[in-house]
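*Asks:* As a plain string of letters, each chain reads:
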Amino acid sequence: MKTDDLIAALSAHVEPVNRRLVGRRIAVAIALGTVLTLAVILAGLGIRADLATGRAVIFLLLKIAFAAGIVALASVYLIRLARPGGERRISSGWAMIPFAGILLLAAISLGQAPSRHWEAMVMGDEWLECLLSIPIIAIVPFAAVIAAVRTAAPTNLVWTGAFVGLVSGGISAMAYALHCTDDTLPFVAIWYGGTIVLCTLAGAILGPRLLRW
Amino acid sequence: MTQNKQKTAGPRMMAAEAELKGLMLAALDGDSASHRTLLNRLSSRLRAYYKSKLARVGKGASEAEDLVQEAVVAIHIKRHTYDPTDPFTPWVYAIARHKLIDFLRRTRRSFVDVPLDEADEAMACDDYIGVESSYDIRRLMQRLPETIKCSMEAVKLDGLSIAEAAKRCGLSESGVKVNIHRGLKTLAALMAQEVRL
Numbered sequence: 020m021k022t023d024d025l026i027a028a029l030s031a032h033v034e035p036v037n038r039r040l041v042g043r044r045i046a047v048a049i050a051l052g053t054v055l056t057l058a059v060i061l062a063g064l065g066i067r068a069d070l071a072t073g074r075a076v077i078f079l080l081l082k083i084a085f086a087a088g089i090v091a092l093a094s095v096y097l098i099r100l101a102r103p104g105g106e107r108r109i110s111s112g113w114a115m116i117p118f119a120g121i122l123l124l125a126a127i128s129l130g131q132a133p134s135r136h137w138e139a140m141v142m143g144d145e146w147l148e149c150l151l152s153i154p155i156i157a158i159v160p161f162a163a164v165i166a167a168v169r170t171a172a173p174t175n176l177v178w179t180g181a182f183v184g185l186v187s188g189g190i191s192a193m194a195y196a197l198h199c200t201d202d203t204l205p206f207v208a209i210w211y212g213g214t215i216v217l218c219t220l221a222g223a224i225l226g227p228r229l230l231r232w
Numbered sequence: 040m041t042q043n044k045q046k047t048a049g050p051r052m053m054a055a056e057a058e059l060k061g062l063m064l065a066a067l068d069g070d071s072a073s074h075r076t077l078l079n080r081l082s083s084r085l086r087a088y089y090k091s092k093l094a095r096v097g098k099g100a101s102e103a104e105d106l107v108q109e110a111v112v113a114i115h116i117k118r119h120t121y122d123p124t125d126p127f128t129p130w131v132y133a134i135a136r137h138k139l140i141d142f143l144r145r146t147r148r149s150f151v152d153v154p155l156d157e158a159d160e161a162m163a164c165d166d167y168i169g170v171e172s173s174y175d176i177r178r179l180m181q182r183l184p185e186t187i188k189c190s191m192e193a194v195k196l197d198g199l200s201i202a203e204a205a206k207r208c209g210l211s212e213s214g215v216k217v218n219i220h221r222g223l224k225t226l227a228a229l230m231a232q233e234v235r236l
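Sequence lines, in order, name chains A and B.
Sequential numbering from 20 applies to the first sequence in my numbering.
Sequential numbering from 40 applies to the second sequence in my numbering.
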């Protein structure tokens with residue numbers, strides 16, 4: 020086939036293109052993923068029963084703020100990464116800010132507590148449930164966001180996959196916070212932060228396979 | 040074989056960027072003539088880029104032409120990912136390089152490091168000497184589902200309007216548009232499979 024013939028074929032009846040499609044599709048996928056993830060938490064695990072107490076509400080808001088901060092920052096980078104050459108226009112350090120913040124708060128919290136309490140503060144009651152729930156439930160938003168990014172054109176599939184994982188882990192942690200009753204800063208830093216990092220690594224590994232074009 | 044290459048200088052690169060970007064913006068608004076001119080300009084630059092890169096791994100003009108066509112189809116299918124607030128040349132270069140890396144992985148079964156060049160320089164040369172690629176579009180299209188094949192052939196190869204194609208294939212006009220969109224994506228995947236040895 021001659022390239023001229025191909026170009027002639029491609030240029031027959033060119034449709035106008037919506038220039039905001041990339042950002043809009045990813046934003047819709049993140050919103051849809053969040054709604055579905057909330058539904059999974061509500062149906063599968065249920066909301067924590069003690070939301071009448073002030074401490075429970077404060078920790079719920081803190082967990083949501085941590086996870087939502089990650090989702091917000093990571094989404095901005097993901098939309099850049101979804102376009103060809105986008106990897107040259109991101110500085111991924113900013114996405115680390117919520118992690119640095121929660122680790123700092125956790126360190127302060129541990130520093131103020133006697134060391135015999137440390138193990139209870141870090142391990143909580145349900146560290147295993149948290150360790151399993153956040154990555155497993157993250158599959159739901161991950162599928163939605165991957166589907167949206169596949170319609171775009173990322174050229175660094177490892178980084179793009181990692182940011183899809185980061186966004187998904189954040190959404191999953193945000194929803195899991197509604198169920199989780201472990202209210203210490205070290206617990207949130209280790210188990211929420213750690214599982215979100217796991218989701219990011221999984222995304223980085225899966226990215227080249229799932230996002231190829 | 041003679042090669043017709045032109046090296047462009049700084050101010051000319053900027054003029055080329057402005058011209059190509061103008062064509063791209065018109066193409067995004069649905070201007071078929073601009074789209075065609077744009078793809079023609081880009082194909083000569085892509086040809087020069089791929090020939091110079093493939094020469095280093097012992098591949099010739101035919102493989103380069105395969106890649107030119109893969110990149111042209113990708114630029115067409117993925118044109119909605121160009122953000123008009125960004126410069127145009129780096130966007131094209133990112134797609135060209137992505138397709139090159141993909142091609143080298145497919146054909147050599149190993150990772151090949153493709154250095155990241157400056158987009159302006161990598162895309163600065165023209166090469167108008169095209170050969171035929173190894174793809175046979177009519178044969179590839181035989182592998183598409185019937186309604187998609189009918190829509191693609193009517194509009195893209197036989198030059199019918201969307202309305203005429205809808206009539207011929209027994210579809211709605213929006214059905215023809217959706218079929219063409221799906222067909223192009225499938226065709227791009229088939230082209231990539233052809234050289235997956």
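Simulated from the structure, these hints should not be mistaken for laboratory data.
All figures in this text were calculated on a predicted structure; none of them were measured in a lab.
Beta carbons: idealized from backbone N, C-alpha and C, even for Gly.
One or more hints might be untrue.
Unchecked claim - Which residues of chain A face chain B? A partial, calculated answer using Cβ under 7 Å:
no.	residue
1	LYS21
2	LEU29
3	VAL33
4	VAL41
5	LEU70
6	PRO103
7	GLY104
8	HIS136
9	ALA139
10	MET140
11	VAL141
12	ARG169
13	ALA171
14	GLY213
15	VAL216
As the list claims (entries may be wrong) - Within a straight-line C-alpha distance of at most 20 Å, the following computed EDC-like cross-link-like pairs (lysine to aspartate or glutamate) qualify:
no.	chain 1	residue 1	chain 2	residue 2
16	B	LYS60	B	GLU203
17	B	LYS216	A	GLU34
18	B	LYS98	B	GLU203
19	B	LYS60	B	ASP175
20	A	LYS21	B	GLU192
21	B	LYS216	B	GLU185
22	B	LYS188	A	GLU148
23	B	LYS98	B	GLU157
24	A	LYS21	B	ASP165
25	B	LYS60	A	GLU34
26	A	LYS21	B	ASP197
27	B	LYS224	A	ASP24
28	B	LYS224	B	ASP141
29	B	LYS224	A	GLU34
30	B	LYS216	B	GLU192
31	A	LYS21	B	ASP175
32	B	LYS188	A	ASP24
33	A	LYS21	B	GLU102
34	B	LYS188	B	ASP165
35	A	LYS21	B	GLU160
*Asks:* Going back to the hint list, which numbers does this structure go against?
*Replies:* 5, 8, 9, 10, 11, 12, 14, 15, 16, 18, 19, 22, 23, 34, 35
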